[in-house]
Structures are given as C-alpha cells and as structure tokens.
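Participant: Generate the whole structure from the sequences, applying the supplied hints.
4 protein chains.
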Amino acid sequence: MTTLPIIHRPGTPSTSNAALLKKQTIARLLIQCPDRPGIVSAVSSILSDFGANIVSLDQHSTDPTGGAFFQRTEFHLEHFSAKRAELEEQIRAKIETPYGAQWQLTSAAQRKRVAIFVSKTDHCLLDLLWRQRRGELHIDIAMVISNHSDLAEDVRYFGIPFVHVPADSKDKSAMERTQLELLRGNVDLIVLARYMQIISDDFLQEVGVPLINIHHSFLPAFIGAGPYQKAKDRGVKMIGATAHYVTADLDEGPIIEQDAIRVDHTDSAQELMRKGADVERRVLTRAVAWHCDDRILRHGNHTVVF
Amino acid sequence: MTTLPIIHRPGTPSTSNAALLKKQTIARLLIQCPDRPGIVSAVSSILSDFGANIVSLDQHSTDPTGGAFFQRTEFHLEHFSAKRAELEEQIRAKIETPYGAQWQLTSAAQRKRVAIFVSKTDHCLLDLLWRQRRGELHIDIAMVISNHSDLAEDVRYFGIPFVHVPADSKDKSAMERTQLELLRGNVDLIVLARYMQIISDDFLQEVGVPLINIHHSFLPAFIGAGPYQKAKDRGVKMIGATAHYVTADLDEGPIIEQDAIRVDHTDSAQELMRKGADVERRVLTRAVAWHCDDRILRHGNHTVVF
Amino acid sequence: MTTLPIIHRPGTPSTSNAALLKKQTIARLLIQCPDRPGIVSAVSSILSDFGANIVSLDQHSTDPTGGAFFQRTEFHLEHFSAKRAELEEQIRAKIETPYGAQWQLTSAAQRKRVAIFVSKTDHCLLDLLWRQRRGELHIDIAMVISNHSDLAEDVRYFGIPFVHVPADSKDKSAMERTQLELLRGNVDLIVLARYMQIISDDFLQEVGVPLINIHHSFLPAFIGAGPYQKAKDRGVKMIGATAHYVTADLDEGPIIEQDAIRVDHTDSAQELMRKGADVERRVLTRAVAWHCDDRILRHGNHTVVF
Amino acid sequence: MTTLPIIHRPGTPSTSNAALLKKQTIARLLIQCPDRPGIVSAVSSILSDFGANIVSLDQHSTDPTGGAFFQRTEFHLEHFSAKRAELEEQIRAKIETPYGAQWQLTSAAQRKRVAIFVSKTDHCLLDLLWRQRRGELHIDIAMVISNHSDLAEDVRYFGIPFVHVPADSKDKSAMERTQLELLRGNVDLIVLARYMQIISDDFLQEVGVPLINIHHSFLPAFIGAGPYQKAKDRGVKMIGATAHYVTADLDEGPIIEQDAIRVDHTDSAQELMRKGADVERRVLTRAVAWHCDDRILRHGNHTVVF
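Residue numbers (my numbering), protein chains in the order written: chain A, 189 to 494; chain B, 189 to 494; chain C, 189 to 494; chain D, 189 to 494.
Please keep in mind that the hints were generated in silico from the structure rather than gathered at the bench.
There could be a bad hint or two in this list.
Because identical chains cannot be distinguished in the list, a pair is counted as satisfied if it fits within a single copy or across any two copies.
[Unchecked claim] Each computed DSS-like pair below joins lysine-lysine, with the alpha-carbon atoms no more than 25 Å apart: (1) K300 x K360; (2) K463 x K300; (3) K358 x K282; (4) K211 x K463; (5) K418 x K282; (6) K418 x K308; (7) K211 x K360; (8) K210 x K463; (9) K418 x K358; (10) K358 x K271; (11) K271 x K300.
No experiment lies behind these values; they were computed from the predicted model shown.
Facilitator: If you want it as structure tokens, here you go:
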C-alpha cells in the first residue's frame, strides 16, 4: 500500500475558465502581530504601490490600545504570480520586520489539497464530496483514508482515491506510519469527517499540516465518546456539533464553528444521532470552506474567523 | 418584615370578561403512569361521559410496548367547577387505581401565583413583569423578593409588592426563614430570575412548591459561576441559556428549555453577557409560561414538555 | 419508452428485520371532521377494544366549541394486517357515519412509492436519494423522471430507475402523457425536486396522487421565476424556501414547510442561490418525510402537520 | 404644545466615566464612492499620519474590478476633538476630491438623539427604553411622540418626555406640522416603533433626518396593513419582521434587518401577532443600534451593514 502512486487528481473543473482566470488575479494576505498604529496603512500602501485593488479587508484588534492585531486582505492584482516574489519581499521588509508579524500570502487560484479521514459513517464525507464536485468548496480532495472499507465505492464514484488503512489493535503506530507516507507532500489539510480513531501526538508532530475534526456535541458539553447518549441522559433541549483544529488535547483544540438544533422528549438517542448528523455536516463543511478560503487565524486556543 | 400582609394582588385584568368566562370552562388533566393499552380510551371516555370536548391532547410513550406514559388533555366543559369533584372521583376510580397513575387536574382560569427572586440584574425580571401585564403570561405575580433593593422601584411601578430580604453573610438561614414566611401558602411557583444566592437543601425541602432557575449557559457546558467568562476563555462560537427546575444539585436539575445564539471573536466577555441576556429572558419566559399552562411533566431528571 | 417495465424496486433494506417486524404492528389513523364532543373517545375506545396501544396521539381543533377537528393516532397492534378489515368496518360505523369524518388508515410498514421529477440541479434530488438509502426516509423511490439527462448517472448509482422524458416545446402534452403512463399505478406521491417545467391542469387532474413542490423563496415573497435575483434586487437580509402541495395555481398551494437563513450585502445573486440550495433540500426533505409518515392533513389551503 | 421646551435629557449615565473617556477617543469614518485601487491605502495613511490606531475596518466592493466601494473605519485617536477639523480637511483633500467620495466622520462619544413615534402598542417602545437605560443602546432618547396618550405613563417613568400629538382626521398636515416643530434641530433619527399613521412625502422632505420603521412581516411578503391576518390566511409556517428606512414608497425602503420564527397550525392570527411582537422588537432594536453605531451605508435601495 505504501507504494500506491498518489496522483494529483485533476478533478472535475468546478469553475469555468473565466472564473479561473479571475481567481488567478485574486490573492489573500493574512497577518497577525502585536497591535500598533500604522499596520493597516503599511499593508495597504504596499498593495497600492503594486496597483492592487483591495476587494475585501477584515481587521480585528483585541483591544483599542495594545492587544493583538489580525488582518485578512483579499485583493485583485493583475499578473499576481509574476509579482509575487517582489510582493513577499516588501511584506517582509515593511510588515514582518517592523511589526514582528506572522503572515501568509496565498493565491485564490491555488486550491488546498485535502485528505479526508473517515470510519464508517458517510454523512460528513458525502457532503464534502458533493460540494466539492458542485464547485462550492474550492478544494482538491487528494484522497480519502479509512480504517474501514465500507465507504470505498461511494468515494470512488466521485473519482477520488480511497485508501483502506486498517487499524491494527496491537500496533497502532503502523497504521499511522502508513497514513503519513500517503500524506507526505500531498496534502495541505486533513479533515477528520467522523474518524473514530484517536490521533497520536507523534502523528500530529510529524504530519506538518493542520487537522480539522468534527465533534458531535456542542463543546465543551459532552466531551469524549457517546455524546448523543450523554445528551439524552441529561435531557437537553438542544444538541450541537463543533468543528475544531486538532491538538494534543482531545476535544480541546481551537473551535472554528458550532451550531445547534432543537430536540425534545420524543427523540431517542438514535434520533438525536440522526438529527445531529445534519448539524455535523453543516458545521464541518463551513469550517473546511473557511479554512480553505484562508479565513481563519489561530491565536492561542482561539480562532479569528473573517 | 415578616408581618407584611401579603395580599393576593388582583392584578391588571389581562383578559376580558368574555375571555375569562371562556377560560373557566377550560380544564387540563395531566397524567403519567406505566404505559398500558387503554389509558387514552379510559380518559377520553370519562370526559365524553361528562360531555366535555377535548380541545387539545398530547400524549407520549417512551416505548411502543412498555415504558412510561404521559398525557396532557385540555378540554372544554360547561360548569367545570360544579362538576369538578365528581370528575376527580371518576379519575381516581378509573385512572389512578387501575393504572397506578399520578394525575393533576387544573382549571385554566386558576392562575398560578408566582414569586420572583432577583438580585441586581433586571432583564429577566422586567420581561416577566411586562408579559404578565400585557396578558401574555397567565400568572399572578404575588411578590418579588430580592437580596438587594436596586430593583424596588421598577417592580413597584408594575404594582407588584417588592420585598427586600438582605443576605446575612453570617447566618444565611435567617434570610431563608424570612423568605419562607413570606411565601408560605401564598405562591405556587418560585422563579429565580438571575438570583445570585445558593438555595439551601433545607429551603427546598420546606418550601413545598417548585422552583425554576435560569442558568446563563448552555448546560451542561459551563456549570457554576462566571459562564460568560468561561465561554470567552474557551473560544466558543455560540452561547446559550438553560431554564431548569431547581434540585439539591446545583445546575443539575431537569432541563425545561434551552436556546443559543451565535457569537464571534469580536465579542468580549461583557458583550457575551449582553447578548446572552436576550437569550436568558427568552428561555426563562418560555419555561415559566409552559409550567403555568401545565405543559410540563417531570420524569426523573427529564421533562416532557407538551 | 412507454413500454419500459417499471419493476417495483426492492431497495436497500434500510431497516433491520426486527425493525420491519416492529413496523408491521404500527398503524396510523388520520381523521378530520367537524368538531363535536366524543370523537377522541370514540376512536380510542375502538382501538382499546382491539387491544391496540396508542403510541402517539396528536389532535387539533380550530376552536374550543365548533370548528374543524383533526387527529392523528399512531398505535401498536399485533397482527394488524389480519385485523385491518374489521377495524376499518368499525371506523366506518362509529366514526365516519356518526361524525361525517374523512379518514385514512395506513400501516407504517407500507412505504409510500415516490417518483421524483428533476431538471438539471442535483441538490434536492441527492439529499432525497441519500436519506432514502441510509434509512432516514421511509419511502421507496420508484423512479426519477427528468426532462434532461444530466443526472442519469447519479440516480442510477443509487440503483434507482432514471427515465429521460424530454420536453417537446411544440407539444408539451406529449411529455406529460409519457409521464402519466410511467406513473400510473406505480406511485403514491410525486416530488418536484427543482423541476423547471410547469405542470398542466390536465396532468394534475389525471395523475391521481399528490405532488409536493419546492419553491426557492419564502412564499408568498418572490412568486414565480428567478426568486434569488429578485431577492438580491430587493436587498433582503434573509432568504428562504417553501415546500407546498401543487395545485392549479402556481406557487399558491397549501404550504407544508418553510425555512430561512441570513444573508448580507456581500452575497451575490449566485451566492444566494448556493446558500438557498441548503435551505431548499432541508425544507423539501422534511416535507416529504412528513407526508410519507402520514403527518399531514390538508384543510382548504392550509396544512395541519402533526 | 409647540412651545414645549425640549431639554436635552441628561439621562441615566449608562456608561462609566472611564468608558466615556475611552469613547471620546474613538471615532468612525464612513466612506462610499466608485471603486478604484488605493482608497483603503489613502484612508489608512491619513489616519496613520495622525497617529490614529485602526480598531476595526470593514470594507466592501460590489465587484473586484469596478463597482461601488464602501468602508467603515473605527479608530482610536487621542484628542480626537482637537484634531477633528484638521482631519476633515485631509479627508476632503485626499479622499473626497480625488475619489469622488461621500463620507461621514463621527465621534463614538456623540450619541445620536432619537425621537420615537408610537401609537398604542408598547413592545417595541419598551425594548428601546430598557436597552437605552441599561446602556446597551448608545443613544439619547429626546422624546416620544404619539397620536394616542396610552403610553404616556410608561414613557415618563423612564424620565423621557412624552408628547401627545393627536391625529386630526380632517387635517393631517396639522399633526405633522406640530411634530416637525418639536423635532426640528433636536433629533438625529426618528424611529417608528409601530406607529400606525402614514408619513406624508412633505414630512419626509422637511424633517431632514432619517426614519427607521418596523414592518410586521417578512417583506416583501404581506406589504401593507394586517400582515398577521394575511399570514394566517395564507397558512405560512414562519412569520417575520423587517426594519427599513422610510421612503416615499410604503414598505419599499431599503431593508436594514429581518428575522423570522416558526409558527404552526395551532397559532391563531392573534397568537401570530404575539409571537411576531418578539421578532419585531428584536429586529427594530438591532436596526436602531446599527444605525446609531454608524454601521449602515445606504446605496440605492440597498443597505450595507458593517
């Protein structure tokens, strides 16, 4: 399995050539640093000097005086690729060095390559596959990896490679080594779409790309396994789902998105699971879309979502 | 203070005489028992024999065969008061004894008498007072009791008695004894509308009427004090509120109602508090309305809300 | 095409044998008639005489005295099929005749046979197909009929017959005659899942089964074509979708379900279309599920949904 | 009545002195113009030159190339008042003239003076009064004007002048002349909080400040009178409310905010009215808050709400 040639899937062209050309001139700049007067001005004057037109600018400061500063700027710039190196140099000189800023510059035309991890349930996976195919999610799905083979046929129908990497109860690290070989250099993001295996710290340290998980409760309520049964036992009147970045602490990573729906006494734990599935897929899809549109900045255990 | 004559407030007539007359012919029967075939039929044939017309019937069984049975029946019966004793006798003979049922028969015209406990914040209190005044809440507010005097003027503007019973940090039981004297025989329900004092087990055992509390989080998340700050610290994307019956276990009583709203990174803990206040008043008002319309059946730590 | 043998699709067994056996003992009785005392009692005593256990009972009267009466009763009865004829006779004698009631008795095990009409967009269709496959929708999808061939492969992947019946701009009645031949005797419900052809009055009169349509606006706002563009032009802050029974008056049939989501100034008409698609599939799926679980009673241009 | 001395109400100090001092250093700049590269840069470099720190920046372009440009910038500037004239001069020279921009510069400390027009219903009015008193709405309520006297006592309890200006069915213009005399120079905004009189074109042209109205339906559904009865007649499953700027065309002005809630067959038209009242007050309060925080830009019949 480790010799499987991962071919970068060309994918169904989800946008027209015109749309693609338009996208090639759109870029995004994410910045975060300690807040000080002048950052917005410094960024916008660089862009102005390059003749770029700011399409969308979002900015957040945690406090009017002092605090942390976050900015996302989406701009239109003809021949972005050709000018990119020069632009990055300017950002380093005028933003990174003077303001101590972390930054990231991306092209809207450069789709994130995503691996989806699943186990047996299909609702989150299928929603991602459908939306990618319809052009709603601007991502390339490089592969789907599962510890079960149940969903192979569904995935392959979409023309996406499905790789079955079974869990070995005696040596879990073997599974993770195989996963890491498949992923290395091939993906920009891993999405755990109801993947029912614990991710080890070693995996997190080695994989080198962020992971987004969907937890089937309204965190921090009902951390851990069996949240729908716990919700039923507690007699709650709403259930929810939470998408978060994966960190070493289970269900404790920075929350990206949450949503909730009403339930009542007539709903069994199984019915909560069914209703919750709709919330899960909605929440996960939004989180993935926002991440892949470079809308999220992480700050400690928080996220700023522009 | 303990000699304060609690006069049953006649109240602003929130419904016309015609509406009141109509209400006097409407009654509600709540039943719960182990599920067995024939209960619905037994209830409806009693009502049919009395010439009552069923206006609304809600029924819930926890399982098609076996399990627990719950029913709320609202019916129209001319001269209900005159026929009440005879009807109760029939219910005892044909429902209580054969089915081992607990039941409760109430007249829609008989409003619940409610005491509201508050501390310093006004949003839940004002919403209750105002809805009672405009006839949305079919209750009589017998008194408002507070450990602070801040809200006295607001309460009295609505023509409701306000009693200041300060907390004595050395002897908390003194405050509760005073409260109990004020309440005894005068109220059917106590509403804790952001009352920031712990209710003792002794009080709960002696008071003899149910208490509804509003907790300013989406339970079981953020149990205890300071839930908005905790929510800010965790970086959640939604906040909520929970109305529940008060039991000896803090924030662990049967949940009646919950709701939630979206928040984002721009919201400070103080802003969460402000936004949350809107959810709190909405959730508490619903819970009080449902209780006072005899819509809630308690079953262990759960509620059935019809 | 008219000779196509429509074989009743056995379908993926979406529920276990145990669940199916359980379903075979569950039946539903829908009743509507002028309101008079005694109907609930008459129904429940019939059921009690047969040894049936009422699992769920919903009842609505438009007025406490007089008005229209509606009731849905779900009950558990061993050997329902064997007792059905006798039960129907009792209903006729004790309910239909004395109360002038319309009624309908169905077995929960008898799934509705559904035809889905589509054009080119897939979101509503795929949600229905997928929920049927995973056992959330208790229906059999007999066929998908489209005036385009775009969605053939997707439909057949689910093992469902897809029939392409092109629209003939010169003679529209030819298309409808073909559709009617395919449908006759084979389906209990037609779902228009974003079907972009007007249904003629002749078709409605001949087809003999109800049709449910999804309209992509919050009716009665934006009746007719292009509702998302109209919504953009008006500058609304929410968009919605409406599922309704089809009648001779376009977009004027009885509303079954509606929902809405927030939008803002950044959303183009195309983005409204994308966001609205999520509401459409949610609303249509609910309407179909409720219809097929016998939860809907029609009354003039209104629906009672239990 | 026309001689009534309108004293600028000092009001309950809803924010502490510290908060007020903080506010005095916060200003907001709204800009709209045809989109061209360099505007963001021009604005931020002016602010940077003054040593201002941008607290929040929102920007919207209707198209990446061409289209209309909108920007709201909230910034912190010590001694804003002293520097204001000079800042305005720079804006005129570097933004207004070169970009053909409309702009507005306001101090966060300068509260908008608001007149509320009401008739007999209190729900929208009271919500505004409560929130203003609690410091949630950063406005001064200069007066409440009503064509009825019903709400006088409630308004005066809050220390707000209440002026009864009866409608004269023979000469409506007399009422409006009186209103205009009361308003002239005293208010920055008029809020129609369920004011049941048509505003004449003459009034709109003379009053010189914007008007916000709450319409009790989800516009453009149910334009005109009696929307709840119309909603009941149509059998909708959700009802809503719409806050909009008032223009000469009834219910056709630019929409600021909308919201909706679920209803069902059990709700009478009166119950729709009651449930809708909660949506109305929520929607109107948000619209007023956004307007008074300078978050709204009007563009033709649309609003950009930052």
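Participant: Are the CA atoms of K358 and K282 at most 25 Å apart within a copy, between copies, both, or neither?
Facilitator: Close neither inside one copy (53 Å) nor across copies (62 Å); limit 25 Å.
Participant: For K271 and K300, with the copy left unspecified, which applies at a CA distance of at most 25 Å: within, between, both, or neither?
Facilitator: Classified as within: same-chain Cα gap 21 Å, cross-chain 47 Å, threshold 25 Å.
Participant: Since the copies are identical, ignore which copy is meant and state whether K418 and K358 lie within 25 Å (CA to CA) inside a copy, between copies, both or neither.
Facilitator: Cα proximity of K418 and K358: none, with 30 Å in one copy and 40 Å across.
Participant: First find the shortest C-alpha distance between K300 and K360 inside one copy, then the shortest across copies, and answer within, between, both or neither for a cut-off of 25 Å.
Facilitator: Close neither inside one copy (28 Å) nor across copies (46 Å); limit 25 Å.
Participant: Have a look at K463 and K300 and pick one of within, between, both or neither, based on CA distance no larger than 25 Å.
Facilitator: between (30 Å within a copy, 22 Å between copies)
Participant: Regarding K418 and K308, is the shortest C-alpha distance of 25 Å or less found within a copy, between copies, in both, or in neither?
Facilitator: within (21 Å within a copy, 35 Å between copies)
Participant: Checking K358 and K271: alpha-carbon separation at most 25 Å within a copy, between copies, both or neither?
Facilitator: neither (52 Å within a copy, 56 Å between copies)
Participant: When no copy is specified for K211 and K360, does a C-alpha distance of 25 Å or less occur within a copy, between copies, both, or neither?
Facilitator: neither (42 Å within a copy, 42 Å between copies)
Participant: Within a copy, between copies, both or neither: where do K210 and K463 come within 25 Å Cα-Cα?
Facilitator: Between copies only: 22 Å across chains, 39 Å inside a chain, cut-off 25 Å.
Participant: From the Cα coordinates, with 25 Å as the cut-off, is the pair K211 and K463 best called within, between, both, or neither?
Facilitator: between (37 Å within a copy, 21 Å between copies)
Participant: Checking K418 and K282: alpha-carbon separation at most 25 Å within a copy, between copies, both or neither?
Facilitator: This pair counts as neither: shortest intra-copy Cα distance 52 Å, inter-copy 38 Å.
Comparing the model with each numbered hint stated earlier shows that hints 1, 3, 5, 7, 9 and 10 do not hold.
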